[in-house]
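Engineer: This is what each chain is made of:
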Amino acid sequence: MNILIKWYYRLGAPLWFYPLAGKLIPWVAALFLLFLIPGLYMGLVTAPADYQQGESFRIMYVHVPAAWMSMFVYLAMAIAAVVALVWRVRMAEIMIISAVPIGASFALIALLTGAFWGKPMWGAWWVWDARLTSELILLFIYLGILALYNAIEDKTTAGKAMSILTLVGVVNLPIIHYSVVWWNTLHQAATVSVFDKPSIHIDMLIPLLLMATAFKFLFLLILLLKMRANLIEQDVHSGWVKKIILDKQAEMEKEHD
Amino acid sequence: MLFSAHQLSCIRSHKTLFENVSFQISAGQLLLVEGKNGAGKTSLLKLLTGLRRPDSGEVHWNNLNILNSESDFRSHLAWLGHQNPLKEEQTALENLILLGHIRPRNTNSMISALKTVHLGHVKHKFIKTFSAGMKRRLCLASLLIADTPLWILDEPQAALDKAGIALFEDLAEQHLKNGGMIIMTSHHSVNIAPEYIQTLKLGQESQ
Amino acid sequence: MLFSAHQLSCIRSHKTLFENVSFQISAGQLLLVEGKNGAGKTSLLKLLTGLRRPDSGEVHWNNLNILNSESDFRSHLAWLGHQNPLKEEQTALENLILLGHIRPRNTNSMISALKTVHLGHVKHKFIKTFSAGMKRRLCLASLLIADTPLWILDEPQAALDKAGIALFEDLAEQHLKNGGMIIMTSHHSVNIAPEYIQTLKLGQESQ
Amino acid sequence: MNSFLTLVKRDLLLAYRSRGEAFNSLIFFGLVILLFPIGISASEKLLAEIAPGLIWIAALLASMLSLDNLFKEDFHDGTLEQWALSHHSLISFAWARLLSHWIITALPLIIIAPMFALSLNLPTEAIGVLIISLLLGTPLLTFIGGIGVALTTGLKKSSMLLPLLVLPFYIPVLIFGASAVDVSADGWSAAGQLYILAGLFVLGITLAPFAVATSLKVSVSQ
Amino acid sequence: MNSFLTLVKRDLLLAYRSRGEAFNSLIFFGLVILLFPIGISASEKLLAEIAPGLIWIAALLASMLSLDNLFKEDFHDGTLEQWALSHHSLISFAWARLLSHWIITALPLIIIAPMFALSLNLPTEAIGVLIISLLLGTPLLTFIGGIGVALTTGLKKSSMLLPLLVLPFYIPVLIFGASAVDVSADGWSAAGQLYILAGLFVLGITLAPFAVATSLKVSVSQ
Ligand code: HEM
Ligand SMILES: Nc1ncnc2c1ncn2[C@@H]1O[C@H](COP(=O)(O)OP(=O)(O)OP(=O)(O)O)[C@@H](O)[C@H]1O
Ligand SMILES: Nc1ncnc2c1ncn2[C@@H]1O[C@H](COP(=O)(O)OP(=O)(O)OP(=O)(O)O)[C@@H](O)[C@H]1O
Ligand SMILES: [Mg+2]
Ligand SMILES: [Mg+2]
Chain A
1160 MNILIKWYYR
1170 LGAPLWFYPL
1180 AGKLIPWVAA
1190 LFLLFLIPGL
1200 YMGLVTAPAD
1210 YQQGESFRIM
1220 YVHVPAAWMS
1230 MFVYLAMAIA
1240 AVVALVWRVR
1250 MAEIMIISAV
1260 PIGASFALIA
1270 LLTGAFWGKP
1280 MWGAWWVWDA
1290 RLTSELILLF
1300 IYLGILALYN
1310 AIEDKTTAGK
1320 AMSILTLVGV
1330 VNLPIIHYSV
1340 VWWNTLHQAA
1350 TVSVFDKPSI
1360 HIDMLIPLLL
1370 MATAFKFLFL
1380 LILLLKMRAN
1390 LIEQDVHSGW
1400 VKKIILDKQA
1410 EMEKEHD
Chain B
6 MLFSAHQLSC
16 IRSHKTLFEN
26 VSFQISAGQL
36 LLVEGKNGAG
46 KTSLLKLLTG
56 LRRPDSGEVH
66 WNNLNILNSE
76 SDFRSHLAWL
86 GHQNPLKEEQ
96 TALENLILLG
106 HIRPRNTNSM
116 ISALKTVHLG
126 HVKHKFIKTF
136 SAGMKRRLCL
146 ASLLIADTPL
156 WILDEPQAAL
166 DKAGIALFED
176 LAEQHLKNGG
186 MIIMTSHHSV
196 NIAPEYIQTL
206 KLGQESQ
Chain C
6 MLFSAHQLSC
16 IRSHKTLFEN
26 VSFQISAGQL
36 LLVEGKNGAG
46 KTSLLKLLTG
56 LRRPDSGEVH
66 WNNLNILNSE
76 SDFRSHLAWL
86 GHQNPLKEEQ
96 TALENLILLG
106 HIRPRNTNSM
116 ISALKTVHLG
126 HVKHKFIKTF
136 SAGMKRRLCL
146 ASLLIADTPL
156 WILDEPQAAL
166 DKAGIALFED
176 LAEQHLKNGG
186 MIIMTSHHSV
196 NIAPEYIQTL
206 KLGQESQ
Chain D
8 MNSFLTLVKR
18 DLLLAYRSRG
28 EAFNSLIFFG
38 LVILLFPIGI
48 SASEKLLAEI
58 APGLIWIAAL
68 LASMLSLDNL
78 FKEDFHDGTL
88 EQWALSHHSL
98 ISFAWARLLS
108 HWIITALPLI
118 IIAPMFALSL
128 NLPTEAIGVL
138 IISLLLGTPL
148 LTFIGGIGVA
158 LTTGLKKSSM
168 LLPLLVLPFY
178 IPVLIFGASA
188 VDVSADGWSA
198 AGQLYILAGL
208 FVLGITLAPF
218 AVATSLKVSV
228 SQ
Chain E
8 MNSFLTLVKR
18 DLLLAYRSRG
28 EAFNSLIFFG
38 LVILLFPIGI
48 SASEKLLAEI
58 APGLIWIAAL
68 LASMLSLDNL
78 FKEDFHDGTL
88 EQWALSHHSL
98 ISFAWARLLS
108 HWIITALPLI
118 IIAPMFALSL
128 NLPTEAIGVL
138 IISLLLGTPL
148 LTFIGGIGVA
158 LTTGLKKSSM
168 LLPLLVLPFY
178 IPVLIFGASA
188 VDVSADGWSA
198 AGQLYILAGL
208 FVLGITLAPF
218 AVATSLKVSV
228 SQ
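Residue numbers (the numbering used here), protein chains in the order written: chain A, 1160 to 1416; chain B, 6 to 212; chain C, 6 to 212; chain D, 8 to 229; chain E, 8 to 229.
It is worth saying that the hints were derived from the structure and are not from the lab.
Any given hint could turn out to be false.
[Stated by the list, open to error] EDC-like cross-link-like pairs, simulated, lysine to aspartate or glutamate; straight-line CA separation at most 20 Å:
| # | chain 1 | residue 1 | chain 2 | residue 2 |
| --- | --- | --- | --- | --- |
| 1 | D | Lys16 | B | Glu94 |
| 2 | D | Lys79 | A | Asp1362 |
| 3 | C | Lys130 | A | Glu1312 |
| 4 | C | Lys133 | D | Asp84 |
| 5 | E | Lys224 | E | Glu80 |
| 6 | B | Lys20 | A | Glu1412 |
| 7 | C | Lys133 | A | Glu1312 |
| 8 | B | Lys133 | D | Asp84 |
| 9 | E | Lys52 | E | Asp193 |
| 10 | E | Lys16 | C | Glu63 |
| 11 | D | Lys52 | E | Glu51 |
| 12 | B | Lys20 | A | Glu1312 |
| 13 | B | Lys120 | B | Glu75 |
| 14 | D | Lys224 | B | Glu75 |
| 15 | D | Lys224 | B | Asp60 |
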């Protein structure tokens, strides 16, 4: 436990986090490509066409991972919100605010791809069905969090307010996930489950899982980039940024010599 | 009883208002916070009450950080800010009753407190018909019915006329004599026996 | 130039605040309205500006009732109430420009007026980051750019620190020297050469 | 507890003193419903068809607009600061305000809703469900809205943010509330929708005051 | 004239600074329209049928709610008092405020209305009439509403009174505006309704500022 707390606070220190993130970024980017390329190839080329949906089902390889990620990102934010509120770790707040636009983008992608998919499948871009509505609500919650943070000038206050709102929004996650169970809807029921045998052909499943993993690394990649940017932006006036700039200058001078 | 601040600093919109402010007061002492307009007096008082968190430093009540022993500290504190926490649509007495619920009560009766601040004859009038000074007096009355040793007051004399200021000074001196503590700001001289008073000057540089 | 009040009286919620108030001031004079909290000082000033109608009596500017020669009177008047007519979302300079449009302008530049009240260095800052005293100073600056002989001011010194009060007294004395007139209220002593000052005491009965 | 009751009493008294304010949301509610027959020159059948949704939307809008006053006055006159610094917990303050706000703004609206429903030709059988759904739903609206208000109350320009913050949480309430009335107007059982509303009600009413109290603490520290 | 332009410029600048506020009525407008498909689970045909009325009612409500801010800030911070005591007439002040308020709150709404209209399946032919009717009608709403606000702005609890005061005058505008769109959606000419709106527009826009200025003078003297 003690180690955990120590680890926490070290991760909570910008001076420590900033260079670490810098080192991680190329690796995460490499992992992202490693999963993306075979995932795309298998999904778009080798996977068999669906007997019912034809080729249009291939949009699934973007839709489903994006939809999953829109929820995963939110979950990660909610955990960070607990950390931020209980232990007052500022890095957790930075993480949330950096993750919000990413999560919102995933939600938007899920909505758009879903709509494009829905037109041939259901004959309508949009229906007011439980899953679709709750996903739309998720997008609004993301936007609300972003707007709230930007509206409050004092960023300490803004961080706290944002964390509270993030936690309140968690109720929406189970609603999205179980909407297909609780209500009979047009939308597909769960096809992949941890406990059951998946109800999807293995040739379709593998690229889907590859894409889902690739999306996770994409999230991590953008998150690290954004967190670094947000940190620098908020702390321009503080000591550690100056120190990093000085270190960088010293490094460059060494290279010149 | 001991109230102390250690190395407080406060930053607002990237400007350091003050740094390394420390002091310590005990029973029967008054701390007068002075400073120019914009020196950060109001901001300092908010740190001392715990409404704002200091950007660095700590505030202690009986040697415990007030952020850790919140409820204990608060049951000893009476705060009066720039504004008057009064409802225009209620009478003076109704307002006082509500304010009485906020802090631990002592044994003084509401009516006698109102009389002390010369509002006895208007206790059933609505606040909206009060002038600026009358409202401020009613707030002072709320201090008299509270059983809290520590008063933190932001410009308590504002809007009071000369009689009102003299009254406040009387009440404050009484409170100090009974072993209370006061922290307050003021732009004017305070007529209280100097042996009670400590002064803290904020913001030496030109604003 | 002559400003005079004749037998003014004012009634608020069935209570007569004052009756038979009369005075007369001419160029280079200051009328200091004194009185306890709730005596009716603010109410009197509102009668003098024409914002409220007196319940009886008349106010004259150059021997004409101000209610009849409204626009002439108003182009000679600068009024500053309890509140600061400033917009939080605008900078000091933008606010001053707008206030400059309300009254006839004299030849002073805005920038020099801001410098006079020691706000030159924050002229491009938003009002919402100003402290109480800084806002009040900005309002004083608006008087400096107006070409109006008659100033009517309700507690102009409120919220000002000592330096601010001294500054105001300087400005007021300058205005009087130039043949202006001032009517103002205050709870504090006013440090202006006594030959300029007339005093009017409101509300003799105990409030 | 004592101070909780005092607060509720204070609020109700204040509301009574300035009666107008209490009728405010009621009038707005009536207005929205009233404007429709005028604006859409509709047949009775059409009106009856949209009646459940219309009443619920009117209730939602009225509730959202009345929120603005929930903590504003207490914030600006410093009362909130006083409560935040008192030895009582802010949760009881939040509870008291939310409860009395609901009594003042939503209860009258529920009482008068059947009248509007009938005038819109909603079948009499659906009236009971309408009332139950409003009784379960409007406290939710007030309590969820309270979180949004508490978060934005310190801001000068909060009004724009509020709808954005609370609407996502209002929509589910609207969906279940309106559809409960809708199905019962069509002669079906609305039990499912009402159970869900009841579940949300319990959840909201137990958790929201904590969120409100925490948010108020944050707002007051600005 | 100079001070008139300065005032308009100030208002637009302020609105730009606190952008949120300007979007306020826009968001509310969108909200009301959005809630309907959610709340009444309606068929596309039904939606198209109520679309003209719905859009007009949403515009009316958005306009009415935004009124609250028309003179409130100027009243409370003493700016109104200053203008009342200036040697300029209050009429130019009133004109400037009304004009900039319309630009800030109504113009964006008119620009975005066609989008909502299309999403509600309003026939494309009716879009033109919709815009013209809004262009003629919303200034009327603002100017008439301005009189109500000016009358009530000094009162502490003004919000309740306002709808009661202005609504009777809003209803004719709503009737002609909505029916203009309605008939043109059915393929008829809306010229009659638009002429009446235009007449009201001219009348309102010339007379209202006088009434507003007079009412403001009364309010400020309290
Ligand atoms: C705008 C419309 C749509 C939205 C907002 C949407 C939203 C979502 C969401 C949020 C998920 C993740 C659910 C979870 O993990 O619990 C998901 C998964 C999925 N969606 Fe969609 N969807 C839309 C349209 C469609 C359409 C038209 C289809 C195909 C007919 C489709 C097929 C799927 C499938 C197969 C999954 C994976 C289910 C699972 O394994 O859980 N979606 N969608
Ligand atoms: N909300 C805010 N945002 C940014 N800066 C602020 C804010 N409030 C106050 N300040 C700044 O903090 C400084 C101190 O303000 P504070 O109100 O503490 O001063 P004060 O000493 O109480 O002044 P006064 O005597 O005028 O009351 C001021 O210079 C002001 O510009
Ligand atoms: N809106 C009102 N309705 C009824 N009575 C009022 C109203 N405003 C003020 N009064 C009464 O008028 C009297 C004078 O008020 P006024 O504000 O003029 O006093 P003042 O001399 O300016 O006091 P202060 O020194 O406190 O500013 C007060 O006794 C007050 O009760
Ligand atoms: Mg201060
Ligand atoms: Mg006064």
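Engineer: Hints first: check each against the structure and report whether it holds.
Structural biologist: Checked hints:
no.	hint	in the structure
1	D:Lys16 / B:Glu94	holds, 14 Å
2	D:Lys79 / A:Asp1362	violated, 59 Å
3	C:Lys130 / A:Glu1312	holds, 15 Å
4	C:Lys133 / D:Asp84	holds, 18 Å
5	E:Lys224 / E:Glu80	holds, 16 Å
6	B:Lys20 / A:Glu1412	violated, 33 Å
7	C:Lys133 / A:Glu1312	holds, 12 Å
8	B:Lys133 / D:Asp84	holds, 13 Å
9	E:Lys52 / E:Asp193	holds, 13 Å
10	E:Lys16 / C:Glu63	violated, 39 Å
11	D:Lys52 / E:Glu51	holds, 16 Å
12	B:Lys20 / A:Glu1312	holds, 14 Å
13	B:Lys120 / B:Glu75	violated, 33 Å
14	D:Lys224 / B:Glu75	holds, 13 Å
15	D:Lys224 / B:Asp60	holds, 17 Å
Violation of the numbered hints given earlier is confined to hints 2, 6, 10 and 13; the remaining hints are satisfied by the structure.
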